[in-house]
Amino acid sequence: MDGVLVSRSGLDDLISDLTQRGYEVLGPTRVDGAIVYDRIGSTADLPVGWGDEQGPGGYRLVDRGDEGLFGYTVGPMSWKRFLFPPRQDLFTVSRSNGTLTFNQAEITAPERAFFGVRACELAAIGIQDRVFLESGFVDPGYAERRRSALVVVVECGTAGGTCFCASMGTGPGCSGGFDLAITELPGDPIDYLVRSGSPAGAALLEGLGGRPAGDADFERARRVVEQAAASMGRSLEVEGIRDLLVDGPEHPRWSEVAERCLACGNCTLACPTCFCSTTVDRVSLDGDAVRSRRWDSCFGLDFSGLHGHSVRATVKSRYRQWMTHKLATWHDQFGSSGCVGCGRCITWCPVGIDITQEVRAIREEAVR
Amino acid sequence: MTGKPKLAVWKFASCDGCQLTLLDCEDELLAIAGAVEIANFPEASSAEIAGPYDVSLVEGSITTEHDAARILTVREQSRFLVTIGACATAGGVQALRNWADVDEFISIVYAEPEFISTLATSTPIAAHVPVDFELSGCPISKVQLVEVIEAFLQRRKPDIPTYSVCVDCKLRGTPCVMVRGGVPCLGPITRTGCGAICPAYDRGCYGCFGPAESAKVQELMKAWEGLGVSDSDIVRALRTFNAAAEPFQEVSDSYAR
Amino acid sequence: MTQTIAPEQSWAPMLPHPYRVVGTVVETQDTVTLLFESLSDHQLRFRPGQFTMLYVYGVGEVPISIAGNPHLGGQLVHTVRAVGAVTRAICGLRPGDVVGIRGPFGTGWPIDQVAGRDLLIVAGGIGLAPLRPAVIEALTQRESIRQLSLLYGARTPNDLLYKDDLIGWKASPSIDFEVTVDRAHSDWWGDVGLVTNLLPRVRFQPDRTTAFVCGPEVMMRVVARALRTAGVHEDRVFVSLERNMKCGIGMCGHCQYGSDLLCRTGPVAPYSAVADRLKVDEL
Amino acid sequence: MHDERTFDVPYLARVEGEGALYVKLEGDRVVDLSFRIFEPPRFFEAMLRGRLHSEAPDITARICGICPVAYQLSSCNAMEQALAIELPRELQQLRRLLYCGEWIESHALHVYFLHAPDFLGYPSGIAMAEDFPERVQTGLRMKKIGNHLMTVLGGREIHPINVRVGGFYRVPRRSELDALIPDLEWGLEAALDTVSWVAGFPFQDFERDYEFVAMQHPDEYAMHEGRIVSNRGLDIAVEQWPAVFEEEHVQRSNALHARIRERGSYHLGPMARYSLNSERLTPTARRAADQAGLGPICRNPFRSIVVRAVETVFAFEEALRLIDGYRRPAEPAVLVDPGPGEGHGASEAPRGLLYHHYVLGADGVIESARIVPPTSQNQLSIEEDLRTFIPTHSHLDDDRLQWELEQAIRNYDPCISCATHFLDLTVDRD
Ligand SMILES: Cc1cc2nc3c(=O)[nH]c(=O)nc-3n(C[C@H](O)[C@H](O)[C@H](O)COP(=O)(O)OP(=O)(O)OC[C@H]3O[C@@H](n4cnc5c(N)ncnc54)[C@H](O)[C@@H]3O)c2cc1C
Ligand code: SF4
Ligand code: SF4
Ligand code: SF4
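Chains as they are written, first to last, in our numbering: chain A, 1017 to 1384; chain B, 541 to 797; chain C, 16 to 298; chain D, 919 to 1348.
Think of the hints as simulated: they come from the structure by calculation, not from any bench.
Please note that the accuracy of each hint is not assured.
[Unchecked claim] Just the calculated beta-carbon pair ranges, DEER-fashion:
| hint | chain 1 | residue 1 | chain 2 | residue 2 | range |
| --- | --- | --- | --- | --- | --- |
| 1 | D | Asp1111 | B | Trp639 | 26 to 32 Å |
| 2 | A | Thr1117 | D | Asp1111 | 36 to 42 Å |
| 3 | C | Asp291 | A | Asp1028 | 53 to 59 Å |
[To be verified] A short, non-exhaustive set of chain B residues, derived as facing chain D with CB atoms under 7 Å:
| hint | residue |
| --- | --- |
| 4 | Leu570 |
| 5 | Ala584 |
| 6 | Ser585 |
| 7 | Ser586 |
| 8 | Thr604 |
| 9 | Pro679 |
| 10 | Cys738 |
| 11 | Arg743 |
Nothing here was measured: the structure is a model prediction, and the numbers come from that model.
The C-beta atom is built at its ideal place from N, Cα and C for all residues, glycine as well.
Construct all of the structure, not just a fragment, from the sequences and the given hints.
This is the structure we're talking about:
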C-alpha cells in the first residue's frame, strides 16, 4: 500500500483540497463539552490537544496538553446520522382526478468527506451497508448518500475507557474499505502517515505533499495501533456468543438488568449500527400527504405493538431483544455481529449499563 | 351552518398557555379555522355556537366544586374530548396543594380567606370524566396539538409517542447532559414531545411533559443520588408541573418520608 | 466508497403503486374483502402466503396477506378485519377509491413441496385469508396431492369468511372440509369447539403429511402440538407469524422474531424452526 | 328605553382568563358595578414556600402562559437582589431582547386578535380574516416572529426554559441571532404599517386623568430595569413598592385589588409606559407615534391599541439594535451563592408592571413570596373607567352598550390568568 508522511499542514492541505473538489468536509469538533461531527475548514477546527475520559454513564473531555489532533476516541454522535438521517421523508402523495400519485421524496446526498472515521465506525458503516444495500432491497437514499461519501479514516492511538473493538475484530487499525487512512505518529513534530485505499484516495494522495512513507514509518504506525489495542477499556468474549444468548432467553440476568435499565432507548440511538425506524403518515390541512420515517428504538413500548397490545411489554423482554439482536441474531440476519465494540451504549447509558458486563454475567451464571 | 366539525376550547384552573398554543400555530391557524368550525373559544372569540361539539380541547385542572360540575356538562356536549396540558392531564402545578393544607394556602395568599371557595386538591380531568385523548406538556407542544387535530380530522392515529425525551435528544444530536456534565436530567423518565429542548440549552430536563411509558423513576433517582443530588432536591424535582402524576408522586413521596 | 456499490438507482422499494378498488364484499360485521386493480404497469405475481403493504391516503400503511387466486392475474384480493385506524379505513373503502400497494413480500406456503403428500390446512379466524390462495392452488394441483383437508375455526357462525367458498368446498369431493365455532346458536350445522377437535375427522397419514396452519399464536401452538402427537413431523408443519411491520423489506427492524425478520424470512416458517421461540414469552 | 337596566356578562371573551362584569343602571346612574375575576385561585405564593430560589423563574412562569417572560424576569430580578448578584450588561441586554420577543408576540395578539375586532365589528380575529385576510396574516406573521425570537433565546415561546437566576443556561451564538434579522426588519415595517392602520380606527372620545405608573430607566424605554415612577411625582426604587402600594381582597373576586396608599387607583400598561417614557422610545417608534397623532401623553384608553402598535415598532427596532450590538457573553450566567436574603423585583409585562417580593432563608429556600400582577393592579382603574364611561353612553341600546363596555375592559388587555383569570359581563338595567 502506498503512503506518504505529512505534517499537520499536510492535513490542512488535504482538507482544502477536499473542499476545493466540492466536498463538504465533516470531522470531529468540540461543542458543548463533547466531540461531535460538524463542518471543518482546517485542522484548527479539530479538538486539538483534547482527549476524553469515558466510563459507564460518564464522559468528560480532558485537556491533554499536547498538539495531537486525534487524541480522543468516539463521541456521542456517529456517522449514521449522515448516511441514515434521524428523519427522512420517503414519499409524497397527491390526490387528484380520483387517483393517487406517489412521488419519491427528494434525496439530498451532498458530496461529503467524512474526515476522522475510526475503525469501529468504518465497520459500523459496513454493517449498515448490509442492512440498507445488500440484503435484497436497496434503500435509495442511503445508497445515494453512501455513494457521495468519501471516507477518511483515522486509526486510533489510544483506546477509550469503554472501547472493545479489539474483541469485536473491528479495530483499532484499518486495512481496507476506506479512501484514505491517517495514523497520527507521536513525536516532535507529530507526523501523519496517510495511506490510500481506493482510486479516489490515491488521487488525493497524489496531490498531497510530504514524503513517501518507508517501512520504518509503517512500523511506527503499526506500533501506535498496537498500543491502542493493548489499552482497550473493555473486552467481550465473542466465542459461542450467538448460542449463549439465543438459547438463554430465560436467563435470570435479563430480569436483573431490567431492574436497572430505564428503557430510555439511549443505547440504541447512540449505537452506530442500530437501524430501526418507524414511519409517520401525515396530510397537512392544506396540502399533500407525506410518509416519512424516523429513528425508532426497540426499547419503546409501541415498537412491538400489535393492535391492542405490545408483544414486548416488559423492560426485560426489550433489553433481551436489544442485546440478543446486537450480539447474536444479527449473525443470522446479516452475517455478522451487530456490535463493533465502540462502547457508545456503555458511555451514553445514563445509568451506565455495560453490555460487556452483562455478557460476562450471563456467561458466568450459565457456566455455574 | 357548515358541515365542518365543531371545535370547542374549555378552560379550568390553568395559566392559559395551552390554549394560547392554538393561537400560536400561526402557520396553521387559518387552515384549522378552515377545516373546523371554531364554535366556542372565548379567549379568541366572543362568538359562541351551541353544542354539541365534535372535538373539545380541555385545558386546566379541577379545583372548585363549580368546575367539578362544569366538566360534566362539557363531557356531555363533546363527542371527542382531548385534555391539553399538564394541568388537565395530571393536575398541574396547582396540584402541589395536594400535599398541603389548603386553608393555610388560602390564608397565605388572601387577606379574607372566607371569600375563597376551593377544593382541597387539584385533580386531572380524567379523574372526573372519561377522556378520549391526553396531550401532556407544560405547555403542550404546538406540533403535537396540530398533529392531534389533523389526525382527528383524518381519522388516523396521532403520532404522539410516549417514549422518553432521550429519544428526541438523540434524534436532535444533543450530547447527553447527564453523561457529559453530570447534570441531573429527568429526560429518561419524561415523555417526549417538547423536542428535547432543555438539554439542547445545556440544562437537565425538568419533566414538564410528565412520566413516559414504563418510567423507571426510582432507578433514575438512584443515578441522581450518585450525582450527589439530595433527597429534598429529588422531591422538589419530581414535584413541579406533573407532581400528581402517579409514577412521580409515588417516588417523591418515598423520598419525602 | 464509490466502487463497491452499484444499486439500481431508480428502484424505490418504499414507493407504493396506485391501485383502485373495483369491488368489495362484506364478509362479517368487521371484515371486508376488497378487489383491487393496478392503475400502473405494476403487476403483482405472488405465491400463496405472501403479503403486500397497503397504504391508505394519509392514514397509514399495514401488512395484509394476499387472499386471491394466484392464477388470476389482474386482480388483487385482500380480506381485512377492522381493528385499528388503518384497517378501519381499508374496510371503509368504496369501489373507485385508490390506495397504494407495494409487494409482494415475504415467504409463502411451500406448496411446491406437497406433491405426493397429504396436505392438511388449518385456519383460525382471519387466518383463513392467507391460506385461501393455498387452498385454491392445492385444488388446481389436486392430482399431485394425496389427501387434501381444510379445518377452519371461527368465533361464531357470523364470523365465517368466504361463505360461498365454504359451501363450494363443503360440496366438493376434492377436499375434506370441516368447520367449527367457539359459540353458536341452535341453527348452526357445523361443530362447536376447538379446531383441534376436528383432526380425527379428516384422513391423513402422519408421516406423509404437510400442514399449513394460520391463526392466533396460541391456536397455532395447540394445533402444532396436536399434530406432533399425531405423528406429523415438525419440519412439515408450517405456520405464519405476525409482528409489527413498518417497511416490509427488512429495514425497519420491527418484525424481528429472534433470528428472523418476518417480512423477509417469514411470515411462513416451519414449526420446527420456531417451536422453541413460541415457548418464549414476549420474544 | 327602560329606566333600570342590568348588564350581566358572565364570561368575558377575548381576554386571557376568566372574568365577569356586572353592571346595574338606573337611568344613567350606575348603582352597582363589579368587574369580577373568578379564575380559580392557584396559590402560587403559598406553593413557593419551601422551594429553592432557583425554581422561582420556572414555577412563577406558570402563573401566566401569556406573559411567562415577565414572571421569569421579575422573579430573577427579585432573587438577584436578594442574593446580591449583579448581572453583566450583556446578559441584561439579552434579557431585554427576550422581552422584546414577548412584547411583540403579546401586542400582536392583542392588537390583531383581541382588540381590533372590537373596532371593526367582528367577534374574533379569525372571523375578521375572512374580510381582511392580508391584515390578519400580517398580524400572525408578526406574532410568529415574536414567538420565534423567544424560541431562539428561551427554547420555546410559552414557559421558556432558558432563563435562570443569574442569567441563562446557554447564550446564543451570534449566527443564531443574525438569522433573525431579516424577519425582524420585515416586522419593523409591518409594525409601522400597523400603527397607521389602527390610528385610523374610530375612537370613543373618552379621557381620564389617570395616575400612570411604570418603570423608568435613564437611558432606555424601560422593560425590566429601572425605578418606579408616576406622573404625580412618585419616584421610588422597586424595593419601596410595599411602602407605597397596598392590596385589598374584595369579596367578589379571586384576585386582590391594588391601590396607592391614600391615593387610590392607578393605571399600568402601555399607555402608562408611553406617557411616562415616550421620549425614550427608539427613533422610528417615536416618529410613528407622532404620525399617529399620539402626542407625548395619551389619556384615552381606547387609543391604547395605537400605543401597543407603537410599542411593537419599538420592540422590533430595539431587538434589531440589541442584536447589532451583541457580543456572546463568556459565561451564560453569574455564579449564584445561595443564602438568606430579601429581594424585590419588577419588570414591565406587556400589560404593565409586575412586582415580585421574596424572603429567602438559609440555602436560598423561599420563606415567603408575594406577586402582584398588572391586571389586579389595574382592576380599580378598569372599574373607574366604566363608572365614568356609562353615564355619558347610557343612551346606547343594550347590545351596543355591552359591546362598548367589553371593549372598555379589553382596552387593558386584561390578563386574568395573571390576576388569577376570565371575563364575563353582566349588565343589569332595570
Ligand atoms: C404478514 C402479515 C399479514 C397480515 N395479513 C392480514 C390480513 O390479511 N388481514 C387482516 O385483516 N390483517 C392482517 N394482518 C394484520 C394487520 O396488519 C393489522 O391488523 C394492522 O396492521 C393493524 O393496523 P391498524 O392501523 O388498523 O391498527 P392499530 O392497532 O391502530 O395499529 C397501529 C400500527 O401498528 C402496527 N400493527 C398493529 N397491529 C399489527 C399486526 N397485527 N401486524 C402488523 N403490524 C401491526 C401497524 O403498523 C399499524 O399501523 C397481517 C399482519 C401481518 C404481519
Ligand atoms: S452495541 Fe454498543 S458497543 Fe456495540 S456497536 Fe452498538 S453502541 Fe457500540
Ligand atoms: S441500557 Fe441504558 S441506555 Fe439502554 S435503554 Fe437501558 S437505561 Fe437506557
Ligand atoms: S440529556 Fe437527558 S434527555 Fe437527553 S439523553 Fe441525556 S438523560 Fe436523556
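Hint check results:
Restraint check, Asp1111(D) to Trp639(B): a C-beta distance of roughly 52 Å breaks the suggested window 26 to 32 Å. A hinted range of 36 to 42 Å for the beta carbons of Thr1117(A) and Asp1111(D) is consistent with their spacing of about 41 Å. The beta-carbon spacing between Asp291(C) and Asp1028(A), approximately 58 Å, falls within the hinted interval of 53 to 59 Å. Because the beta carbon of Leu570(B) sits about 6 Å from the nearest beta carbon in chain D, less than 7 Å, this interface hint is met.
Hint on Ala584(B) holds. Least Cβ distance to chain D is approximately 5 Å, under the 7 Å limit. A cut of 7 Å between beta carbons decides the hint on Ser585(B): the least distance to chain D is about 3 Å, and the hint holds. Of the supplied interface hints, the one on Ser586(B) holds, with its beta-carbon coming within about 4 Å of a beta-carbon of chain D, less than 7 Å. Using the Cβ-Cβ criterion of 7 Å, the hint placing Thr604(B) at the interface with chain D is satisfied: the shortest such distance is roughly 5 Å.
About 4 Å separates the beta-carbon of Pro679(B) from the nearest beta-carbon of chain D, less than 7 Å, and the hint is met. Hint status for Cys738(B): holds, given a least beta-carbon distance of 5 Å to chain D, under 7 Å. Here the hint on Arg743(B) is kept, as its CB sits about 4 Å from the closest CB of chain D, short of 7 Å.
Comparing the model with each numbered hint stated earlier shows that hint 1 is the single one that does not hold.
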